[in-house]
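Student: Residues per chain, in single letters:
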Amino acid sequence: MKKSQFPFKSLLIITVVTFLLYLFWGNTFAYPLIIQLRAKKVLIFLLVGVSSSISTLAFQCIVNSRFLTPGILGMESFYRLIQTLLYFFGFRFIQTTLLPATQFLLVVAIMVLSFWALSRFSWQNISYDLHSVLLIGMVIGMLFSSISTFFQVLMDPNEYDRLQMKLFPTFQNVNTLVLILAILLVVPIIISLWNNRKTLEVLRMGTEQAVNLGIDTNKQIKKVLLQIVILSAVSAALVGPMMFLGFTTANLAYLLFRTYRMDVLFLATSLLGFIALLMGQFMVEQVFQFQTNASIIIEWFGGILFFVLLWKERKKA
Amino acid sequence: MLKKLIRIIPLILIVLLSLIVGTADISVGSIVTGDMDALFIFGSSRIPRTVSVFLAGSGLALSGMVMQTITQNRFAAPDTIGTVESAKLGMVLAMIVLPNMTQMWEMLFTFAFATIGTVFFLFLTSRFPMKKQLLIPLLGLMFGNIVGGFSNFLAFRYDLNQNIAAWLQGNFSLIIQGQYELIYFALILVIGLYFFADYLTVVRMGEDAAQSLGISFKWVVGSASLLVSVTVAVILITAGSLPFLGVIIPNIIAMKYGDNIKKTHQKVALTGGFFLLICDIISRSLIAPYEVPVQLILGIIAGAIFLYLLFKEVRRV
Numbered sequence: 000m001k002k003s004q005f006p007f008k009s010l011l012i013i014t015v016v017t018f019l020l021y022l023f024w025g026n027t028f029a030y031p032l033i034i035q036l037r038a039k040k041v042l043i044f045l046l047v048g049v050s051s052s053i054s055t056l057a058f059q060c061i062v063n064s065r066f067l068t069p070g071i072l073g074m075e076s077f078y079r080l081i082q083t084l085l086y087f088f089g090f091r092f093i094q095t096t097l098l099p100a101t102q103f104l105l106v107v108a109i110m111v112l113s114f115w116a117l118s119r120f121s122w123q124n125i126s127y128d129l130h131s132v133l134l135i136g137m138v139i140g141m142l143f144s145s146i147s148t149f150f151q152v153l154m155d156p157n158e159y160d161r162l163q164m165k166l167f168p169t170f171q172n173v174n175t176l177v178l179i180l181a182i183l184l185v186v187p188i189i190i191s192l193w194n195n196r197k198t199l200e201v202l203r204m205g206t207e208q209a210v211n212l213g214i215d216t217n218k219q220i221k222k223v224l225l226q227i228v229i230l231s232a233v234s235a236a237l238v239g240p241m242m243f244l245g246f247t248t249a250n251l252a253y254l255l256f257r258t259y260r261m262d263v264l265f266l267a268t269s270l271l272g273f274i275a276l277l278m279g280q281f282m283v284e285q286v287f288q289f290q291t292n293a294s295i296i297i298e299w300f301g302g303i304l305f306f307v308l309l310w311k312e313r314k315k316a
Numbered sequence: 000m001l002k003k004l005i006r007i008i009p010l011i012l013i014v015l016l017s018l019i020v021g022t023a024d025i026s027v028g029s030i031v032t033g034d035m036d037a038l039f040i041f042g043s044s045r046i047p048r049t050v051s052v053f054l055a056g057s058g059l060a061l062s063g064m065v066m067q068t069i070t071q072n073r074f075a076a077p078d079t080i081g082t083v084e085s086a087k088l089g090m091v092l093a094m095i096v097l098p099n100m101t102q103m104w105e106m107l108f109t110f111a112f113a114t115i116g117t118v119f120f121l122f123l124t125s126r127f128p129m130k131k132q133l134l135i136p137l138l139g140l141m142f143g144n145i146v147g148g149f150s151n152f153l154a155f156r157y158d159l160n161q162n163i164a165a166w167l168q169g170n171f172s173l174i175i176q177g178q179y180e181l182i183y184f185a186l187i188l189v190i191g192l193y194f195f196a197d198y199l200t201v202v203r204m205g206e207d208a209a210q211s212l213g214i215s216f217k218w219v220v221g222s223a224s225l226l227v228s229v230t231v232a233v234i235l236i237t238a239g240s241l242p243f244l245g246v247i248i249p250n251i252i253a254m255k256y257g258d259n260i261k262k263t264h265q266k267v268a269l270t271g272g273f274f275l276l277i278c279d280i281i282s283r284s285l286i287a288p289y290e291v292p293v294q295l296i297l298g299i300i301a302g303a304i305f306l307y308l309l310f311k312e313v314r315r316v
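As you go down the protein sequences, you meet chains A and D in turn. By numbering that gives the first Met the number 0, the letter at position 303 of the first sequence is numbered 302, and the numbering carries on one by one without gaps. By numbering that gives the first Met the number 0, the letter at position 229 of the second sequence is numbered 228, and the numbering carries on one by one without gaps.
Since the hints were derived computationally from the structure, they do not count as laboratory data. There could be a bad hint or two in this list.
Cut-off 25 Å, straight-line C-alpha distance, at most; resulting in silico cross-link-like pairs (PhoX-like, lysine-lysine) [unchecked claim]:
1) A:K197 with A:K165
2) A:K197 with A:K8
3) A:K222 with A:K197
4) D:K311 with A:K218
5) D:K255 with D:K266
6) D:K255 with D:K217
7) A:K197 with A:K218
8) D:K311 with A:K221
9) D:K217 with A:K311
Construct the entire structure; sequences and hints are all you get.
Tutor: Encoded structure:
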């Protein structure tokens, strides 16, 4: 524990500094308004950063691999499919007239319900063949993306442009009510995962160990997986699909703290997720003048990190 | 002899069906009597289509077989270890760098990236523990997602997205004389395999076994990846991406006839070709006179078979 004290303090300091920097840097005219707008975005960063970091962390515990993210469950392609179908069949009334809050709940509900249905019908004992379950997710994801492609090709180009806005993550224009709903959904799950952290630590050691230590692995893994799905669905519906944010923060946390204690990792990844989004958006607003997108910077960074880690793993073997 | 004949008849029927099905009515009679219009449609559209569908199917099935051999992993294939995504990146770059290029340049770019991506991934994972059969395709999927992220972003910036989606959608409806001949390159793989099969069989047994038989493992893996990349690039340019074919066909054949490549590669090639032909016939007749992209049909049929194989694997564990 002593060893991990140091980065924690500096991490907290970095968080506060980036937070203040983001909130107060730049144009001083119309200050109250700008700060109000930025404060809302900060809340979104906190929510997305924490939920995607923690869901990845929990996912990596149950699959015993630091290379995977919940992204491979095929949730993203499902999100893409839902959005594509909504636009294709001209359900734009849902996009325009229906309350954004209802829309948000609809997308989350569809994603979670279909995962639940799939898990009901497809596997009995998930803990023994988790990798196959993931591969099934991947196959379904590929199928979804070919259906999306089919409709995207048929689509009117103007409509397609509008769809594009939904398929790339953005942090602009999040409805306040939606944000509140998202917080209401996410906070209980995060608390539950936190309370469950000892079990996750045990699950990380592998199914057999966990069974020996008296854990109902089947039940636990199913539960955690469902929680992960809800978290990813919420953040996808809120800002759009982001695959590598959680991957980046979780792996940075392993590298910085060199521990597998869940309480340390939980806090560290959450802070890192928050910092990453703050810094990313700060750079987008102040350096790149909105020429690019915070999520793209983070995704690229995560992608490069993935290769570096694979490379290191290779050397170890 | 009789048995062989019985086996060949359905295959001939499939080819005939593929030649006859289509918007313009062509009866067998009009060809025999030498009706000029019928002969023209036949030569410029029907035959090219049948040939290219067949070659694409067998090329992808063989690519999958080769990849499964060199990775010693039953779930490796062009679309599960990132070859297709890398090729896509090459195609996007080609479109940006040389907007008015010929098909040959396009192919070179696509081929170069497909090779780099494949070899890079194989290199990174070559020392990974083999016991985790399902980890390689999952890592490949992550890899593919990263590479795909790059190309999506580029396509987004240059407003090529719908264009590329259209291009990549597996579809043979645009294949007419003068636009498909590139696919003959897929024959390289078929021919290459005739000389290669023995080496590949040895390579399947692992690096040490190959070494002790005086075969350079690296050389075989390198040249096999080259062959596969050419094939995948060519198929991607002429027909688009065709998911799952590379995984399921070699697996089905291996289940029935074992792993001796020299004995099975013809079967793999033929089954892949005829399987895709059947899918293509379905895609043409489902909503005739229009057609559904074959990617969709293939995705559904082959996806279902893939899921079945996976569930079987799950039960076996």
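Student: For the pair supplied as a hint, K311 (chain D) and K221 (chain A), confirm whether the alpha-carbon distance does not exceed 25 Å.
Tutor: Given pair K311 (chain D), K221 (chain A) holds - Cα atoms ~21 Å apart, limit 25 Å.
Student: Sort out whether K218 (chain A) lies within 25 Å of K311 (chain D), counting only the CA atoms.
Tutor: This hinted pair holds, its Cα atoms lying about 22 Å apart.
Student: Mind checking the alpha carbons of K197 (chain A) and K165 (chain A) for me, to see if they're no more than 25 Å apart?
Tutor: Not satisfied, since the Cα-Cα distance of roughly 38 Å exceeds 25 Å.
Student: Quickly compare the C-alpha distance for K255 (chain D) and K266 (chain D) to 25 Å and report which way the hint goes.
Tutor: holds (11 Å)
Student: Would you check the hint for K255 (chain D) and K217 (chain D), treating anything up to 25 Å between C-alpha atoms as holding?
Tutor: Violated, at about 30 Å.
Student: Would the hint linking K217 (chain D) and K311 (chain A) be met if the CA-CA limit is 25 Å?
Tutor: Status holds; Cα separation ~21 Å.
Student: Between the alpha carbons of K222 (chain A) and K197 (chain A), is the straight-line distance 25 Å or under?
Tutor: Within the cut-off at roughly 15 Å; holds.
Student: Within 25 Å, alpha carbon to alpha carbon, are K197 (chain A) and K8 (chain A)?
Tutor: Distance ~24 Å between K197 (chain A) and K8 (chain A) Cα, so the pair holds.
Student: Is the straight-line distance between the alpha-carbon of K197 (chain A) and that of K218 (chain A) 25 Å or less?
Tutor: Holds: K197 (chain A) and K218 (chain A) sit about 15 Å apart, inside 25 Å.
Consistency note: the structure conflicts with the earlier hints numbered 1, 6.
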